[in-house]
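Listed in order, the protein sequences are those of chains A and B. Just remember that the working numbering sits 20 ahead of the position in the first sequence, which is counted from 1. Just remember that the working numbering sits 266 ahead of the position in the second sequence, which is counted from 1.
Keep in mind the hints are simulated off the structure, nothing from the lab. Please note that a few of the clues may not be correct.
[What the hints assert, rightly or not] Stretch by stretch, here's where chain B covers chain A in the computed footprint (C-beta under 8 Å, at least three residues):
1) 49-59
2) 126-136
3) 147-161
All residues carry an ideal CB built from backbone N, CA and C; glycine is no exception.
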Amino acid sequence: MCVGISLAWSELPTELIGRYGLERRAHERGGEREIRFLYRDRRPRLPIWRDGRLQIVRWGNGCLQSRFLPATGWTWKESLELGYWREIGAVPVDIPAMLGYDRGVWFRVRQGIRGILVPDERGVAVAYMICVPSTHYYQVMTRSPRMPLLIDEDI
Amino acid sequence: MNANGPATAIGHLDADCFYVSAERVRDEFLRGKPVGVLGNQGACVIAKSYEMKAHGVKTGEPIWDALVKCPDGIYIKRDFRWYEVLSRMMLEVVQNASRQVEYYSIDEFFFRAELRRGETFDGLARTIRDRIEECVGVPVTVGIARTRTLAKLISDASKPHGARAVLEPNREEELLAGLPVTEITGIAGRRAATLSSWGITTCLHLARADRTLVRRLLTASGEVLWWEINGDPVQPIHTRRPAHKTLSRGGSLGGATDDPMALYAWLVRNLERLIEELRYHGVAAGRLKVILAYKSGHTGLGQRTLAVPGDRFDVLIDVARPCLRQAWSKGQSATHMHLIAEDLAPRGQTALAFFDPLPNRIRGEDVDRLKERINGKIGRFALRSAATLYLPAIYRDTANEYDICDVRGKICF
Numbered sequence: 021m022c023v024g025i026s027l028a029w030s031e032l033p034t035e036l037i038g039r040y041g042l043e044r045r046a047h048e049r050g051g052e053r054e055i056r057f058l059y060r061d062r063r064p065r066l067p068i069w070r071d072g073r074l075q076i077v078r079w080g081n082g083c084l085q086s087r088f089l090p091a092t093g094w095t096w097k098e099s100l101e102l103g104y105w106r107e108i109g110a111v112p113v114d115i116p117a118m119l120g121y122d123r124g125v126w127f128r129v130r131q132g133i134r135g136i137l138v139p140d141e142r143g144v145a146v147a148y149m150i151c152v153p154s155t156h157y158y159q160v161m162t163r164s165p166r167m168p169l170l171i172d173e174d175i
Numbered sequence: 267m268n269a270n271g272p273a274t275a276i277g278h279l280d281a282d283c284f285y286v287s288a289e290r291v292r293d294e295f296l297r298g299k300p301v302g303v304l305g306n307q308g309a310c311v312i313a314k315s316y317e318m319k320a321h322g323v324k325t326g327e328p329i330w331d332a333l334v335k336c337p338d339g340i341y342i343k344r345d346f347r348w349y350e351v352l353s354r355m356m357l358e359v360v361q362n363a364s365r366q367v368e369y370y371s372i373d374e375f376f377f378r379a380e381l382r383r384g385e386t387f388d389g390l391a392r393t394i395r396d397r398i399e400e401c402v403g404v405p406v407t408v409g410i411a412r413t414r415t416l417a418k419l420i421s422d423a424s425k426p427h428g429a430r431a432v433l434e435p436n437r438e439e440e441l442l443a444g445l446p447v448t449e450i451t452g453i454a455g456r457r458a459a460t461l462s463s464w465g466i467t468t469c470l471h472l473a474r475a476d477r478t479l480v481r482r483l484l485t486a487s488g489e490v491l492w493w494e495i496n497g498d499p500v501q502p503i504h505t506r507r508p509a510h511k512t513l514s515r516g517g518s519l520g521g522a523t524d525d526p527m528a529l530y531a532w533l534v535r536n537l538e539r540l541i542e543e544l545r546y547h548g549v550a551a552g553r554l555k556v557i558l559a560y561k562s563g564h565t566g567l568g569q570r571t572l573a574v575p576g577d578r579f580d581v582l583i584d585v586a587r588p589c590l591r592q593a594w595s596k597g598q599s600a601t602h603m604h605l606i607a608e609d610l611a612p613r614g615q616t617a618l619a620f621f622d623p624l625p626n627r628i629r630g631e632d633v634d635r636l637k638e639r640i641n642g643k644i645g646r647f648a649l650r651s652a653a654t655l656y657l658p659a660i661y662r663d664t665a666n667e668y669d670i671c672d673v674r675g676k677i678c679f
């Protein structure tokens, strides 16, 4: 399961970095600063593109802030197709990511990851990452049975 | 000859961490970061950047070991199609600089280095290195010397991004004295141990050793190396690949398996790949070998001679099946499978046999032709044997469609 993503520092507007205190999530790899969004963070967040605007939103409901959203950060593509999320007003979004993180493996993501955005009972936007069963390659690489739904890319 | 020495020599060009460099050509983000390219269906690091190497990650290391050494490493799925594109571009640049070029491997070439007026070998090495970086974007190292073996030793010793010519005997000696004998391709393990017991541990020791002793210890192929490191070129540059004596296909099973049906599906997949290759080279297999490598470390071998050399699926699968049975150890988990076609005969020039009645032959060839046409149009493995239904994951993943051995024309394998 993809439990984190990373974005180059330069990919995020300074205003967003300041507003959400993202400096705390900064790391350096090969001389370049990047911002990591991990599900295990105390306040897990994800960047998303919605209507041409980059936003930082809550990642899933692992901390049980909502009583009616699923207590996870992921959803199967299949459950989307079955219409489960439509009833609660989910909209598709893109999660920008340069790298994904799954069971200790940082892997390159070329375009981004598909996700959904749903409002909780207080109207707060919550993002879920969409996953699909792992390809053989991804499963061997990460030993994970599920992988994120990547935008126009197969791993 | 020019005033300072010979006007021709042999050059060796080797790309620096080629697969990683190739990924960086199309992905700026990876520059300067620890990057590992994964092969073996995602299980092994088959190439690593110098940044990852600095953490102690080695080529061929399983990913789970590499993760411990380099948790910040970025891991990438190999893409041999892309690497071949860049490899051919590099080849073109070298061919523009030399009349004789050997496409030794996907990232390694030998070439005849010829001086133009006012040029030096050092300058030529630098020109080729810089031209490749400019045109292809891949950093390479170039070594020029009197022989192939010396040229390779020089480029290996000048990595990364070096360009150096060593043609004077005293400079050669200096170089050889500082290199262990295992730096020479073809000397490792048992051969190195044999030489060591005679006090031969550096390349210079080998160059100074008695030729007849070297021949006795390392056979004729060792003597070739002796001549070469003494500056006598005995290994020519092959501008065309010599005809294959054998063809093989296979590799990792992407995890250990003891399921006979999965093994059968792998057999069919590897056989279909082998037939593609037989057809490309216009040859038929006279003998077929199936080798299974088991997790326990032992290997199983099955082999059969064909009544008539063949390249048809229906004929070869009937031969491959008993070979697999012979190689199979019940209850043992296999990790790798290889199919080897031997005694290759030119296609269509083999005597027809009574065992292959005309209707069978016509049907078999029709099916193969149809399969070839459909796959040529829609994509590799679009139409394949139903036996491979036991390997759905392999065919869902496009990374399994193309392998390093599918790069044609190179000499190494």
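For the region 49-59 of chain A, count the residues whose Cβ lies under 8 Å from any Cβ of chain B; is that count three or more? The restraint on the region 49-59 of chain A holds, since 4 of its residues have a Cβ under 8 Å from chain B and three suffice.
Whether chain B covers the region 147-161 of chain A (at least 3 residues having a Cβ closer than 8 Å to its Cβ atoms): Check passed, 7 qualifying residues.
Quick check: do three or more residues in the region 126-136 of chain A have a beta carbon closer than 8 Å to a beta carbon of chain B? holds (count 4)
Of the hints listed earlier, there is not a single one the structure fails to meet.
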